[in-house]
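K.L.:
Please take these sequences and the hints and turn them into a complete structure.
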Amino acid sequence: MSAEQLIFYALGALALGSAIAMGLLVRSLAASALCLATTMLSLAGIYVLLEAHLVAAVQGMIYAGAIPLLLLSVILVGGLRDGTFGPPRPRQANRGVLVATAAVLLFGLVLSQLPSFAPFAPAPAGFGGFGQLGMLLLREFSVPLVLVGSLLLAAVVGAAVFAKGGAVE
Amino acid sequence: MIPVEHVIALSAALFTIGAITALMRRHLIAILMAIQLMLGAVCLAFVGFNRMWAASVESGALLDGQIFALMVIAAAAAQVAVALGIGTEFVRKRGSANVDDAASMRW
Amino acid sequence: MNDYASSETLRWIPLVPLIAGLGQALMLFVFRRSISSALVTATSCGAALLSFVLTCVAFWELVGSASGAPAIIDRVNTWVGVGLGGTSFTADLAFVLDALSAVACLVVTTVMLAGNVYAAGYMSGDPHDDGGHQRFFCYLNLFLFSMLVLVLADNLLLFFVGWEGAAVCSYLMIGFWFGDPANAEAANRAFVIDRIGDFGLLVGLMLLFWSLAAVGEASVAFRDIEAHLDRIAQASVPTPSWLGGGIWPLTGVIGACFFLAACARCAQGPMVAWLPEAMVAPTPASSLIHATLGVTAGVYLLCRLSFLYASTPEIGALIAWTGGATALLAALVAGVQTDIKKLLAYVTASQVGTMFVAVGCGAYAAAIFYLTTHAFFAALLFMGAGAVVLAMDYEQDIRKMGGLRSKLIRVHLVVAVAVATAAGFPFLSGFLSRNEILLSTLHAEALPGYAVLYAGGLVTAGLLAFALSRLLLMIFYGQGRHPARIRSGMQDPGNWIILPLYVLATLAIFGGLLGLPQFWGDMLPGGVDDSNSLGNFVGRAVAGGAPSQFETSTEGWSVAALLACSLSGFLVALQLYVRRPELPPRLLQRFGGIHELLGASFHIGRAYDPLVRLVLGFSDRVLFRFVERRVIDGWIVSLPAKGVLGFVAHALKYGQSGMAQTYLFTMLAGTFVLLGYLLF
Chain A
1 MSAEQLIFYA
11 LGALALGSAI
21 AMGLLVRSLA
31 ASALCLATTM
41 LSLAGIYVLL
51 EAHLVAAVQG
61 MIYAGAIPLL
71 LLSVILVGGL
81 RDGTFGPPRP
91 RQANRGVLVA
101 TAAVLLFGLV
111 LSQLPSFAPF
121 APAPAGFGGF
131 GQLGMLLLRE
141 FSVPLVLVGS
151 LLLAAVVGAA
161 VFAKGGAVE
Chain B
1 MIPVEHVIAL
11 SAALFTIGAI
21 TALMRRHLIA
31 ILMAIQLMLG
41 AVCLAFVGFN
51 RMWAASVESG
61 ALLDGQIFAL
71 MVIAAAAAQV
81 AVALGIGTEF
91 VRKRGSANVD
101 DAASMRW
Chain C
1 MNDYASSETL
11 RWIPLVPLIA
21 GLGQALMLFV
31 FRRSISSALV
41 TATSCGAALL
51 SFVLTCVAFW
61 ELVGSASGAP
71 AIIDRVNTWV
81 GVGLGGTSFT
91 ADLAFVLDAL
101 SAVACLVVTT
111 VMLAGNVYAA
121 GYMSGDPHDD
131 GGHQRFFCYL
141 NLFLFSMLVL
151 VLADNLLLFF
161 VGWEGAAVCS
171 YLMIGFWFGD
181 PANAEAANRA
191 FVIDRIGDFG
201 LLVGLMLLFW
211 SLAAVGEASV
221 AFRDIEAHLD
231 RIAQASVPTP
241 SWLGGGIWPL
251 TGVIGACFFL
261 AACARCAQGP
271 MVAWLPEAMV
281 APTPASSLIH
291 ATLGVTAGVY
301 LLCRLSFLYA
311 STPEIGALIA
321 WTGGATALLA
331 ALVAGVQTDI
341 KKLLAYVTAS
351 QVGTMFVAVG
361 CGAYAAAIFY
371 LTTHAFFAAL
381 LFMGAGAVVL
391 AMDYEQDIRK
401 MGGLRSKLIR
411 VHLVVAVAVA
421 TAAGFPFLSG
431 FLSRNEILLS
441 TLHAEALPGY
451 AVLYAGGLVT
461 AGLLAFALSR
471 LLLMIFYGQG
481 RHPARIRSGM
491 QDPGNWIILP
501 LYVLATLAIF
511 GGLLGLPQFW
521 GDMLPGGVDD
531 SNSLGNFVGR
541 AVAGGAPSQF
551 ETSTEGWSVA
561 ALLACSLSGF
571 LVALQLYVRR
581 PELPPRLLQR
591 FGGIHELLGA
601 SFHIGRAYDP
611 LVRLVLGFSD
621 RVLFRFVERR
631 VIDGWIVSLP
641 AKGVLGFVAH
651 ALKYGQSGMA
661 QTYLFTMLAG
671 TFVLLGYLLF
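In the order they appear, the protein sequences are chains A, B and C. Residues in the first sequence are numbered from 1 upward in steps of one, following this note's numbering. Residues in the second sequence are numbered from 1 upward in steps of one, following this note's numbering. Residues in the third sequence are numbered from 1 upward in steps of one, following this note's numbering.
Some hints here could point you the wrong way.
[Claimed, not checked] With a straight-line cut-off of 30 angstroms between C-alpha atoms, the simulated DSSO-like cross-links for lysine-lysine are:
hint: 1; chain 1: B; residue 1: K93; chain 2: A; residue 2: K164
hint: 2; chain 1: C; residue 1: K653; chain 2: B; residue 2: K93
hint: 3; chain 1: C; residue 1: K342; chain 2: C; residue 2: K407
hint: 4; chain 1: C; residue 1: K342; chain 2: C; residue 2: K400
hint: 5; chain 1: C; residue 1: K653; chain 2: C; residue 2: K642
[To be verified] Every beta carbon over 10 angstroms from chain C, so not counted as near; a handful from chain B, in silico:
hint: 6; residue: P3
hint: 7; residue: A9
hint: 8; residue: L23
hint: 9; residue: W53
hint: 10; residue: L62
hint: 11; residue: D64
hint: 12; residue: F68
hint: 13; residue: A74
hint: 14; residue: A75
hint: 15; residue: V82
hint: 16; residue: I86
hint: 17; residue: E89
hint: 18; residue: R94
hint: 19; residue: A103
hint: 20; residue: S104
hint: 21; residue: M105
[Unchecked claim] Listed below are several chain A residues computed to face chain B (Cβ distance under 8 angstroms; list not exhaustive):
hint: 22; residue: Q5
hint: 23; residue: L6
hint: 24; residue: L43
hint: 25; residue: V99
Derived by calculation from the structure, the hints in this document are not laboratory data. Ideal Cβ placement from N, Cα and C applies to all residues, glycine included.
P.N.:
This is the structure in structure tokens:
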């Protein structure tokens with residue numbers, strides 16, 4: 001087992017563990033947010049292993065940085081009470097079990113019937129790096145880039161509207 | 001060398017955990033976080049497959065999966081921002097962050 | 001059929017009144033706009049006139065056709081076309097104009113034209129003004145359409161359509177002034193009694209079809225039935241033991257079924273009851289629908305199927321005896337009636353009875369001759385009576401009239417002509433046609449009891465002469481028995497009413513000459529070759545052919561006998577009602593019981609009450625309350641509606657719970673199911 005594999009398994013276990021903690025084990029919302037951050041950070045580590053360097057950086061900045069920051073600030077400062085703990089109601093518990101079983105069955109079946117793939121070929125130089133990705137973004141994917149930009153603009157405007165005392169009844 | 005099946009298995013497991021969390025928690029923010037987890041799992045799948053096809057294109061690299069992952073992350077950021085705005089307004093007006101109270105659009 | 005000439009004009013003869021009637025119905029019932037009565041009248045009379053003109057044109061075509069085709073046929077379209085197994089059955093929407101239907105068509109259109117003009121005048125002063133003017137003419141037009149379809153029909157199915165249409169229009173007309181519930185009841189009774197005949201018609205139709213299909217010639221067209229009659233003549237029907245057991249020939253059974261239909265429509269036998277009931281209709285309707293055209297549809301049916309009846313003499317005997325008995329008894333009852341229209345109703349029943357006698361004796365051409373002349377003078381009688389009633393301010397009791405001849409001069413003239421014709425004044429049309437029939441009766445040696453039938457015919461003639469003379473004398477002669485205020489305001493009716501009556505009177509007087517027997521034709525100066533042109537013409541299309549020539553001496557004695565009977569009837573009436581008016585009350589005291597029995601026409605009408613109650617009760621309790629309300633509204637409509645509503649609303653609404661987690665769960669579940677399906 002190579003070093004890469006070891007690191008992958010470790011990071012994977014971390015991700016799984018903090019995901020379960022986030023959802024089902026932890027009692028306070030702030031703790032859940034931190035667990036989410038941990039999960040995302042371990043995913044970023046896995047991205048590095050998979051030669052997706054820019055994506056890993058962005059993931060670390062946003063998914064493991066900005067988003068939990070936002071969540072934490074709203075949770076801690078914005079007056080959200082987290083008093084909704086307690087055992088889940090029967091209906092929700094049933095649904096959860098149902099979905100879990102279905103997912104396990106489905107994914108298990110699919111994964112067990114997959115043919116074994118060849119191990120990864122060595123990636124070409126600069127694969128997943130800033131240069132290549134940047135060139136792609138600015139050339140072939142310039143339209144999606146601009147669209148994402150407008151999406152973010154819309155989100156900013158929406159957030160500003162809500163901050164002013166928005167339109168929810 | 002990381003077997004791609006394991007990457008996919010990890011992604012599926014994270015997605016499932018996110019789904020179950022979204023179904024079983026009652027706090028709006030908790031559900032939001034679970035949805036983000038699901039999105040993250042999907043990103044992992046994209047990147048994993050992308051690595052699998054990395055060397056198959058002769059001239060230049062095939063980086064579509066990573067581009068898509070970037071888009072997903074950007075969209076997730078926008079989502080969270082707006083959802084938190086709506087969520088705080090909702091709590092301010094209704095006085096409760098329980099998702100069961102957000103059921104006014106019923107029959 | 002191959003030797004029939006084809007045409008495209010025949011279809012317009014019934015179509016024109018149909019369009020007029022439907023147009024008026026549309027205006028009235030759909031748009032609820034009362035169009036001006038002048039327009040209604042113009043449309044109606046115009047339609048009748050156009051039909052008449054088209055009939056004349058078609059008749060001219062038939063008579064003058066160079067190819068000598070026996071008939072003109074206008075095949076519009078195939079109406080029913082089915083095929084099962086090896087058989088195929090078609091019934092065409094086709095109209096045939098042969099000698100028989102040509103004569104009938106001419107009679108129908110002529111009388112309807114006169115009747116339309118008369119009705120325009122009569123209904124204009126209708127006090128019941130409930131917007132009924134348009135309705136009346138709409139019904140009239142639809143009736144004309146039905147009668148023309150009936151007469152021109154090429155096959156029994158189309159004939160049935162016209163038959164039913166005429167029955168419906170007749171019912172609508174009887175109950176025309178439906179504000180008075182008695183009228184509606186009378187209409188119901190008349191309709192129910194008529195349905196008895198429909199049963200016979202349908203059974204006969206089905207038997208015919210079945211028997212023809214069994215020999216491989218599935219068709220109900222008249223010429224096809226005639227062509228293949230011999231093949232079904234051998235079939236027979238076993239009869240149930242309560243009818244005497246034994247085997248009856250199929251043609252006889254079919255003939256009896258159609259005879260039942262004709263009986264019910266023509267108010268013969270026990271079914272005479274509906275005709276007096278029908279007299280609550282407005283007088284123009286009574287005169288057209290019930291007296292002349294509607295009732296003679298039955299005779300037309302029998303003559304159409306003359307080839308069938310020619311092969312079953314025992315059914316012919318049945319027809320003749322039924323007709324003869326009805327003729328005699330109806331004439332007897334007519335003699336004591338006091339209501340003008342009821343009196344004329346019984347007179348009509350008696351006349352139709354005489355037509356039945358002719359059919360039974362095999363003299364179909366004579367029956368058609370009588371049908372033609374009867375149409376003219378019976379219409380004249382009814383319309384003239386209507387004019388009298390109008391002048392008397394809707395009074396219909398002849399005991400309240402008298403001495404009107406000084407005031408109603410023109411009406412008196414036409415009614416006198418009508419009475420004279422109907423009663424058998426020599427050489428008017430009534431006399432000639434009745435003489436024809438009596439002669440045929442005398443010579444029908446194959447008919448059991450023909451001599452009695454002949455004697456009965458003579459007695460009937462006398463009784464009718466009495467009844468009609470009594471009518472005339474009581475209305476127009478003797479002392480006036482009506483209040484003075486009516487007398488002072490009385491005047492002859494207007495031109496719209498009188499002119500058609502003049503036309504009909506002319507036809508009544510001179511129409512008989514169309515059927516002058518050769519016996520007389522030879523005696524005319526110069527000798528006329530084909531004096532019985534009507535008889536010879538009709539004879540082309542019916543069994544039995546042209547009326548036979550009888551020996552001179554028989555003719556002479558028969559004429560003398562008939563004259564004697566008619567004259568004696570007239571003289572008795574004259575004596576009783578003009579010379580010695582004190583006699584009738586004394587006779588009434590002596591023979592009060594018989595008088596009452598006759599007056600109520602042997603209480604036949606009451607016998608139908610249970611039947612009518614049964615039919616209406618069934619219709620209400622079973623058909624309406626159970627089938628309509630419970631089954632259709634309840635089980636078939638409400639239950640599925642509630643079921644669908646219940647399912648959709650109460651079950652599916654849970655899909656709209658408004659709870660986000662439910663939606664999420666549904667989405668996830670759906671995705672997994674889909675994935676599972678796609679992958680495996």
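K.L.:
Could you run down the list of hints and mark each one as holding or not?
P.N.:
For each hint, the structure was consulted:
no. : hint            : result
1   : B:K93 - A:K164  : 14 angstroms, holds
2   : C:K653 - B:K93  : 28 angstroms, holds
3   : C:K342 - C:K407 : 24 angstroms, holds
4   : C:K342 - C:K400 : 15 angstroms, holds
5   : C:K653 - C:K642 : 15 angstroms, holds
6   : P3              : 21 angstroms, holds
7   : A9              : 16 angstroms, holds
8   : L23             : 6 angstroms, violated
9   : W53             : 21 angstroms, holds
10  : L62             : 25 angstroms, holds
11  : D64             : 22 angstroms, holds
12  : F68             : 19 angstroms, holds
13  : A74             : 23 angstroms, holds
14  : A75             : 18 angstroms, holds
15  : V82             : 16 angstroms, holds
16  : I86             : 12 angstroms, holds
17  : E89             : 16 angstroms, holds
18  : R94             : 14 angstroms, holds
19  : A103            : 4 angstroms, violated
20  : S104            : 6 angstroms, violated
21  : M105            : 4 angstroms, violated
22  : Q5              : 6 angstroms, holds
23  : L6              : 10 angstroms, violated
24  : L43             : 6 angstroms, holds
25  : V99             : 6 angstroms, holds
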